[in-house]
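Under our numbering, the first residue of the sequence shown is numbered 192, with each subsequent residue one higher.
Possibly wrong hints are sitting among the right ones.
Claimed, not checked - Straight line, CA to CA, 20 Å or less: simulated SDA-like cross-link-like pairs of lysine to any residue:
1) 596 <-> 607
2) 596 <-> 581
3) 596 <-> 614
4) 596 <-> 580
5) 596 <-> 566
6) 596 <-> 612
7) 596 <-> 576
8) 596 <-> 635
9) 596 <-> 564
10) 596 <-> 582
11) 596 <-> 633
12) 596 <-> 586
13) 596 <-> 606
14) 596 <-> 584
15) 596 <-> 624
16) 596 <-> 577
17) 596 <-> 567
18) 596 <-> 611
19) 596 <-> 608
20) 596 <-> 579
21) 596 <-> 609
22) 596 <-> 585
23) 596 <-> 610
24) 596 <-> 613
As the list claims (entries may be wrong) - Beta-carbon label-pair distances, calculated as ranges:
25) 254 <-> 208: 10 to 20 Å
26) 410 <-> 450: 35 to 45 Å
27) 395 <-> 294: 49 to 59 Å
28) 528 <-> 221: 46 to 56 Å
Because the hints were derived from the structure by calculation, they are not lab data. Note that the coordinates shown come from a computational prediction; the quantities given were computed from them, not determined experimentally. Backbone N, C-alpha and C define an ideal beta-carbon position, used for all residues, glycine too.
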Amino acid sequence: GPGDPAAHDDAAERLRSLAPDPDAGPDEAALRELTAVLVFAGTHSGRLRSDEVARRTRWLLEHEPASAVSRYAACALTIACAAVAETGEPADCWLDMALETARGRGDRRLRTAVLSWRALTALHAGRSADARADARRACAASRDPGQDPSVDALEDHDWLSVLGLTSVAVETGDAWLAERLRDRLVQGPGAGQPVCRLALRVLRIPLTPERELPVVLADLQDAARRAEAAGWCNPVLFPVDLWCVPLLLRLGDPEAALRLLADACDRARRFGAPGALGRILRMWGTVVRGRYALSLLSESVAVLRTSRNQLELGRSLTAYGNRMRAAGRPGADEVLAEADRIAEATGEAVLGRWTEVRQPLPPGAPVACGNLSDTEWRVASLVALGHTNQDAADALGVTRRAVEKILTRLYQRLEVDGRSGLVPAVRRMAGRAAFGTGVLADRL
Numbered sequence: 192g193p194g195d196p197a198a199h200d201d202a203a204e205r206l207r208s209l210a211p212d213p214d215a216g217p218d219e220a221a222l223r224e225l226t227a228v229l230v231f232a233g234t235h236s237g238r239l240r241s242d243e244v245a246r247r248t249r250w251l252l253e254h255e256p257a258s259a260v261s262r263y264a265a266c267a268l269t270i271a272c273a274a275v276a277e278t279g280e281p282a283d284c285w286l287d288m289a290l291e292t293a294r295g296r297g298d299r300r301l302r303t304a305v306l307s308w309r310a311l312t313a314l315h316a317g318r319s320a321d322a323r324a325d326a327r328r329a330c331a332a333s334r335d336p337g338q339d340p341s342v343d344a345l346e347d348h349d350w351l352s353v354l355g356l357t358s359v360a361v362e363t364g365d366a367w368l369a370e371r372l373r374d375r376l377v378q379g380p381g382a383g384q385p386v387c388r389l390a391l392r393v394l395r396i397p398l399t400p401e402r403e404l405p406v407v408l409a410d411l412q413d414a415a416r417r418a419e420a421a422g423w424c425n426p427v428l429f430p431v432d433l434w435c436v437p438l439l440l441r442l443g444d445p446e447a448a449l450r451l452l453a454d455a456c457d458r459a460r461r462f463g464a465p466g467a468l469g470r471i472l473r474m475w476g477t478v479v480r481g482r483y484a485l486s487l488l489s490e491s492v493a494v495l496r497t498s499r500n501q502l503e504l505g506r507s508l509t510a511y512g513n514r515m516r517a518a519g520r521p522g523a524d525e526v527l528a529e530a531d532r533i534a535e536a537t538g539e540a541v542l543g544r545w546t547e548v549r550q551p552l553p554p555g556a557p558v559a560c561g562n563l564s565d566t567e568w569r570v571a572s573l574v575a576l577g578h579t580n581q582d583a584a585d586a587l588g589v590t591r592r593a594v595e596k597i598l599t600r601l602y603q604r605l606e607v608d609g610r611s612g613l614v615p616a617v618r619r620m621a622g623r624a625a626f627g628t629g630v631l632a633d634r635l
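Work out the full structure: start from the sequences and follow the hints.
Written out as structure tokens, the structure reads:
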């Protein structure tokens, strides 16, 4: 099982003894399940590289009908591996079909699971707005076990849902999501226990008084060591060491933080997923000092150019450009201009998600940018997405004249020349806000 370290030793060799693309046959279902278990064992123990994981999971997704989706066994293992190996479109398409299957069955718990899996996959692809939206839907779809005792909370067999929702809550800083998830976690024996136990510790950090943080950190590090002893060694799938880094920095121990980042980077290099490696290089580069920081950030940008993760590329370009400028290096303006172009493209998707939510905007929306109110941001977002003044008025339940007055104020506050200047400015602001969420993203 996932928590049995003895099962990892020969998983990679057993997997390689199978044909790279096995032919379909009467025993295909059993072969798929065996392959999923072996791929997962090799992935979360760090014994397989991402390219092999991606190839195997593509085969699994091609041969595992989305209409047969369930919360257990091969499906969850396959999606976990596909997400961290950055498999991309095959996983996205399979999950879309699986969600339709869950809706068609009227299976609430399966729908919650698939939404959680989609959230994790979107997060690893750099689509943080999609990840947050699916994670919120997953929590909204599940009833509160505290209010309804007949409803099961998230348990050990829901480990991938727990991992996906926790990762999204941490990376987006969504307080509502974190609170809902804390209410649904339970602990108990079983394979998923390391995930559930650590998720509870991580989600409680924002509620912890400063004086108690050393105890929390020690507890979290001890739990992480236990998880590693149980075989959870891949920092891409299970990034608990990275979640410890901000705590170490707050407590004045940058050397320990740097050791964790260096170790995570070594493991990410061995795994080989470019989005994850580039992210860790960027985190490391924003903590270390001196010329080595520029070297790490330059490598992060180069690695991320081979990835589909535009959000992480934008973050790394921002960090690299800012440090080039601070060091007086030439080329900083060009690097930051590229980051702005990515922010504008990223911001369009972010704005689309924000406008789906009624006021107030979800936590993490950049209401502090330009000191704009929720209403002003809603109008700005709708206009930046191409809606007319009347569309915005209808969405907000106000008159068109009220929207026009809000736009006039926005032009003045943001110092832009009318609607043509507002659209890219608002998209860039939304993209930069997305850049600024997540572990150590405040250090860009």
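Checked hints:
For the hint pairing residue 596 with residue 607, the CA-to-CA distance comes to about 15 Å; that is within 20 Å, so the pair holds. Between residue 596 and residue 581, the direct Cα distance comes to roughly 13 Å. Compliance with the 20 Å bound is thereby established for this hinted pair. About 17 Å separates the Cα atoms of residue 596 and residue 614, which keeps this hinted pair within 20 Å; it holds. Among the hinted pairs, residue 596 with residue 580 is consistent with the structure: their alpha-carbon atoms are about 11 Å apart, no more than 20 Å.
Proposed proximity of residue 596 and residue 566 is supported: the alpha carbons are some 12 Å apart, at most 20 Å. Between residue 596 and residue 612 the alpha-carbon distance is near 17 Å, which keeps this suggested pair within the 20 Å criterion. For the hint linking residue 596 to residue 576, the alpha-carbon distance of about 19 Å falls within 20 Å, and the restraint holds. Between residue 596 and residue 635 the alpha-carbon distance is near 35 Å, which puts this suggested pair outside the 20 Å criterion.
At most 20 Å may separate the alpha-carbon atoms for a hinted pair to count; residue 596 and residue 564 meet this at roughly 14 Å. Between residue 596 and residue 582 the CA atoms are separated by roughly 15 Å; this keeps the pair inside 20 Å, and the hint holds. For the hint pairing residue 596 with residue 633, the CA-to-CA distance comes to about 34 Å; that exceeds 20 Å, so the pair is violated. At most 20 Å may separate the alpha-carbon atoms for a hinted pair to count; residue 596 and residue 586 meet this at roughly 16 Å.
Pair hint residue 596 plus residue 606 holds up; C-alpha atoms about 15 Å apart against a cutoff of 20 Å. For the suggested pair residue 596 and residue 584, the alpha carbons sit about 11 Å apart, so the restraint of at most 20 Å is met. Taken as a hint, the residue 596 and residue 624 pair is broken in the structure, with Cα atoms around 25 Å apart against an allowance of 20 Å. A threshold of 20 Å between alpha carbons decides the hint, and for residue 596 with residue 577 the separation of about 18 Å falls inside it, so the pair holds.
Using a Cα cut-off of 20 Å, the hinted pair residue 596 and residue 567 holds, with the two alpha carbons roughly 10 Å apart. Of the pairs offered as hints, the one joining residue 596 and residue 611 holds, with about 17 Å between alpha carbons and a cut-off of 20 Å not exceeded. Using a Cα cut-off of 20 Å, the hinted pair residue 596 and residue 608 holds, with the two alpha carbons roughly 15 Å apart. Simply put, residue 596 and residue 579 have alpha-carbon atoms about 14 Å apart, close enough for the 20 Å limit, and the pair holds.
Note on residue 596 and residue 609: the hinted pairing holds, with a Cα-Cα distance of about 12 Å set against a maximum of 20 Å. Distance check on the hinted pair: residue 596 and residue 585 sit about 15 Å apart at the alpha-carbon level, within 20 Å; holds. Straight-line distance between C-alpha atoms of residue 596 and residue 610 comes to about 13 Å, which keeps the hinted pair within the 20 Å bound. With a CA separation close to 14 Å, the supplied pair residue 596 and residue 613 stays within the 20 Å bound.
In this structure, residue 254 and residue 208 meet the distance hint of 10 to 20 Å, their C-beta atoms being roughly 19 Å apart. At roughly 19 Å, the beta-carbon separation of residue 410 and residue 450 lies outside the given 35 to 45 Å, and the hint is violated. Against the hinted window of 49 to 59 Å, the Cβ-Cβ separation of residue 395 and residue 294 comes to about 33 Å, which falls outside the hint. Residue 528 and residue 221 have their C-beta atoms about 54 Å apart, which keeps the hinted 46 to 56 Å range intact.
Violated hints for the displayed structure, listed by number in ascending order: 8, 11, 15, 26, 27.
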